[in-house]
Amino acid sequence: MAEANAHCILKPKDRVDNWEVVRELGFGTFGAVYEVINLKTNAKEAMKVEKRGKDESNRTLKLEIQVLKELTDAKARNCCTLMGSGRKPEYSYMVMTLVGPSFESVLNKLQKLKGCGKMNSYSAMYACVFALEGLEDLHKAKYVHRDVKPQNFSVGEGALIRNIYVLDFGTARRFLKDNGKHHRPRARCGFRGTTLFASVTALNGEEQSRRDDLWSWFFVLVRLTTGTLPWLNLKPPAGFDEQLKMYADAKAASIDSPGKMLECCPPSYTKILDLMKKLTYYSVPEYNNVYSLLKEEMNKCHPAGQQPALDWENN
1 MAEANAHCIL KPKDRVDNWE VVRELGFGTF GAVYEVINLK TNAKEAMKVE KRGKDESNRT
61 LKLEIQVLKE LTDAKARNCC TLMGSGRKPE YSYMVMTLVG PSFESVLNKL QKLKGCGKMN
121 SYSAMYACVF ALEGLEDLHK AKYVHRDVKP QNFSVGEGAL IRNIYVLDFG TARRFLKDNG
181 KHHRPRARCG FRGTTLFASV TALNGEEQSR RDDLWSWFFV LVRLTTGTLP WLNLKPPAGF
241 DEQLKMYADA KAASIDSPGK MLECCPPSYT KILDLMKKLT YYSVPEYNNV YSLLKEEMNK
301 CHPAGQQPAL DWENN
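In terms of this note's numbering, the sequence shown has 282 at position 282, counting the first letter as 1, and numbering is strictly consecutive.
Hints listed in this document are in silico derivations from the structure and should not be mistaken for laboratory results.
We put the beta carbon where it would ideally sit given N, CA and C, even for glycine.
Honestly, I wouldn't trust all of these hints.
In the DSSO-like style, the derived pairs of lysine-lysine whose C-alpha atoms are separated by at most 30 Å in a straight line are [unchecked claim]:
hint, residue 1, residue 2
1, K11, K118
2, K13, K118
3, K140, K75
4, K114, K140
Computed spacing ranges between beta-carbons, pair by pair [said to hold, decoys possible]:
hint, residue 1, residue 2, range
5, I255, N179, 30 to 40 Å
6, D241, P303, 50 to 60 Å
7, D249, D178, 18 to 28 Å
8, R87, D256, 48 to 58 Å
9, N314, Q151, 42 to 52 Å
10, A253, E20, 21 to 31 Å
11, P12, P185, 39 to 49 Å
12, K112, P236, 39 to 49 Å
13, A309, A187, 20 to 30 Å
14, A238, A309, 39 to 49 Å
15, G158, Q111, 18 to 28 Å
Using the sequences and the hints, build the whole thing.
Okay, structure coming up:
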């Protein structure tokens, strides 16, 4: 029962060290996220709380704090800043930058407002350029994300609404040693990620690397631009292994013959796909080439010197 009510750990006006709870923003199986006020600075921040228990094998907050601390120290682009963390008898917590809605929430709102759950091409490319910058800096910190999807990116809050943030490092994994060499890939590993956005190799049970984050990022780019993916509405079989195979086969087919997947996308997406196909477990992705292709395409969307409004502004 305690697990089911994990999101009720805190309530408005509760104080946790230097922070006071304002409201709950969301909850999951083991915890919740709250908007809080920093009592020292009066700034609005976000607190992620995770219920403690006898079996903490499924808990991810400790890892997320470690990753976010390293990213904060490295001044990583487009990642939340870690403001603090701590442990209480019933829960652990961390405090970070308060962000706005996720990419997925933006798509859902566009569906309600305009009857079309996709971004215009400029907004989609803008969002994904900054999303990729965040992933690149995560990779520089020797981690792969392993669950890249629209729910794990967000836009900024208030005056920072044009900012983009990478979220949720609870499934991250070190892929490089301290000396910069790759860890040897495991022959077989359990699946980590989300079937709709995972790479073919991840779905096939292979070790994930930068390559796999990039494939998931590319699927997010297509999803934001077109509002769909060729495998989005497939009816999954009952067995999980069968689901993994179904999505792996569908994605492999779309990559080999991308006409349907990319039919409503700018031409640069095909060039990016060609770059993606070259990636191996050990590859360093050509981030700069991807940025150049997208920015060149973005410049075609507006007159020089103008800054177009983004789909999530003023909505």
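Exercise for the section: Measure nothing beyond the straight line between the CA atoms of K11 and K118; if it is 30 Å or shorter, mark the hint as holding. Expected result: Status violated; Cα separation ~35 Å.
Exercise for the section: Evaluate the given range 39 to 49 Å for the C-beta pair formed by A238 and A309. Expected result: 45 Å, holds
Exercise for the section: For the range 50 to 60 Å, tell me whether the beta carbons of D241 and P303 fit it or not. Expected result: Holds - the Cβ-Cβ distance for D241 and P303, about 52 Å, lies within 50 to 60 Å.
Handout entry: Status of the given 18 to 28 Å range, CB of Q111 versus CB of G158
Key = Roughly 24 Å apart at Cβ, these two residues keep to the hinted range, so it holds.
Handout entry: Pair hint K140 and K75, alpha-carbon separation not exceeding 30 Å
Key = 11 Å, holds
Problem - Cβ separation of K112 and P236, checked against the hinted range 39 to 49 Å - result: At roughly 26 Å between Cβ atoms, P236 and K112 fall outside 39 to 49 Å, so the hint is violated.
Handout entry: Cβ separation of D249 and D178, checked against the hinted range 18 to 28 Å
Key = Given about 38 Å between the Cβ atoms, the range is violated.
Handout entry: Supplied distance hint 21 to 31 Å, evaluated on CB atoms of A253 and E20
Key = Because 52 Å falls outside the window, the suggested range is violated.
Exercise for the section: For R87 and D256, compare the CB-CB distance with the range 48 to 58 Å and indicate the outcome. Expected result: Holds, at about 49 Å.
Exercise for the section: Decide if the proposed pair is consistent with the structure: K114 and K140, CA atoms, cutoff 30 Å inclusive. Expected result: It is violated: about 39 Å lies between the C-alpha atoms, which goes past 30 Å.
Handout entry: Satisfaction of the hinted span 39 to 49 Å by the C-beta atoms belonging to P12 and P185
Key = 47 Å, holds
Exercise for the section: Just tell me: holds or violated, for the beta carbon distance of I255 and N179 against 30 to 40 Å? Expected result: 33 Å, holds
Violated hints for the displayed structure, listed by number in ascending order: 1, 2, 4, 7, 9, 10, 12, 13.
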